[in-house]
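Participant: Each chain, letter by letter, is given below.
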Amino acid sequence: MQGLLRSRRALVGAVGIVAVAIAGALILISALGSDGKQAAPTTPVSTGAAATAPAPPAWVPGAAATQKLFGGIPQTLNVLGDPKAPVTMVEFADLQCPFCGEYAIDALPAIVEEYVRPGKVKLVFTGLAFIGPDSETALRATYAAGLQGKLWNYLDLLYRNQGPENSGWVTDGLLRTVGESIPGLDADALMAGRSSAEVDDAIALSTQQARTARVDSTPTFFAGKTGGALEQVAVSSLTADAFRPTLDALTK
Amino acid sequence: MTAAQLRAAIALLALAGVAVTAYLVDARYSGTRLACTTGACETVQHSRYAKLAGIPVAVLGLGAYVSVFLSALSPRVEAAAIGAAIALAGLAFAVYLVVVQVAVIDAICQWCLASDGILFLLALACAERLRRVPEPPGEREP
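Chains as they are written, first to last, in numbering that gives the first Met the number 0: chain A, 0 to 251; chain B, 0 to 141.
If you're looking for bench data, these hints aren't it; they were derived computationally from the structure. Ideal Cβ placement from N, Cα and C applies to all residues, glycine included. Misleading hints may appear alongside valid ones.
Covered by chain A, according to a simulated footprint, are these stretches of chain B (three or more residues, beta-carbon under 8 Å) [to be verified]:
no.: 1; stretch: 48-55
no.: 2; stretch: 79-85
no.: 3; stretch: 91-101
no.: 4; stretch: 110-119
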């Protein structure tokens with residue numbers, strides 16, 4: 000009996016040590032952030048405005064990268080690229096959706112450089128607002144930027160400063176600062192344009208298109224020959240590699 | 000509760016864990032939005048804490064639940080030990096992730112909490128199974 004107890008104690012002790020070792024290793028790896036990916040900042044970085052100054056700084060993280068990515072590419076409302084491009088890819092997205100932000104940051108730059116800038120593909124943004132109130136607030140500003148031909152810059156910069164869902168991160172201050180960070184964009188006109196009839200119409204049209212296409216999650220992509228039927232693009236990950244087979248086949 | 004009933008309870012709890020984590024894994028790879036009443040599931044699922052050395056935590060959780068389920072199928076002492084080690088390690092890591100959700104990410108994922116609840120019960124059951132080893136001859140399995 001004594002032997003059995005000793006044996007059981009040894010077993011329990013060994014299990015405890017192994018469990019602690021495994022948990023410790025997992026926590027250590029997690030805390031050190033071995034994948035090196037940092038969470039997106041939820042508020043714009045201050046450039047040192049005085050505490051009493053009400054106006055936020057005219058700069059948010061990622062402004063330079065956004066400007067470089069889209070510079071020189073034609074934009075018309077929600078379309079990026081040559082209007083006569085032979086292939087069209089439509090994205091249904093919600094500004095609060097982290098997957099959409101992941102696509103914009105991880106996949107979009109390569110797609111823009113390889114397919115959009117050379118005039119092979121044009122991209123169409125179709126905004127949805129189903130995650131919560133912040134979605135529509137962000138979407139209205141994004142479409143208002145589209146009225147000035149800067150929708151894609153604005154969209155990209157908002158994703159780079161995306162906050163947690165429905166946390167109230169889409170403040171007027173952020174929307175204005177993002178606008179002021181984009182060269183050539185009139186931030187005052189943007190703020191006023193959010194409640195314009197054109198933006199109302201754009202949101203109504205997007206919602207209708209999502210319903211017709213039976214889109215129930217974001218991001219959802221459709222691609223095809225321009226003017227022809229578009230088919231949903233099934234992607235296994237939100238990287239440029241996942242889109243290349245479809246885009247290569249269509250642009251061949 | 001007999002040893003066989005305890006193992007059945009462990010198997011059922013592990014299957015519940017498999018269901019929750021399989022849903023999270025499927026949502027992650029298919030790009031589907033999670034059904035979420037706390038409004039922040041995707042914030043948690045896409046935080047840097049949702050991956051461990053590049054592997055989604057949901058995938059690790061799925062593997063752990065499957066392993067515990069398999070351990071419950073065997074009456075052997077080694078199986079009880081392996082199941083308990085995985086469940087207890089998982090519980091400790093889950094407690095850490097709850098702290099991270101509350102204190103760092105500032106967002107709660109209800110699916111993670113569901114998994115945490117299952118894991119808590121699973122760890123209790125596995126610990127009890129281990130406590131009963133070795134069992135007196137009268138309670139041995141046929």
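Participant: Checked against the structure, which of the hints given earlier come out wrong?
Facilitator: 4
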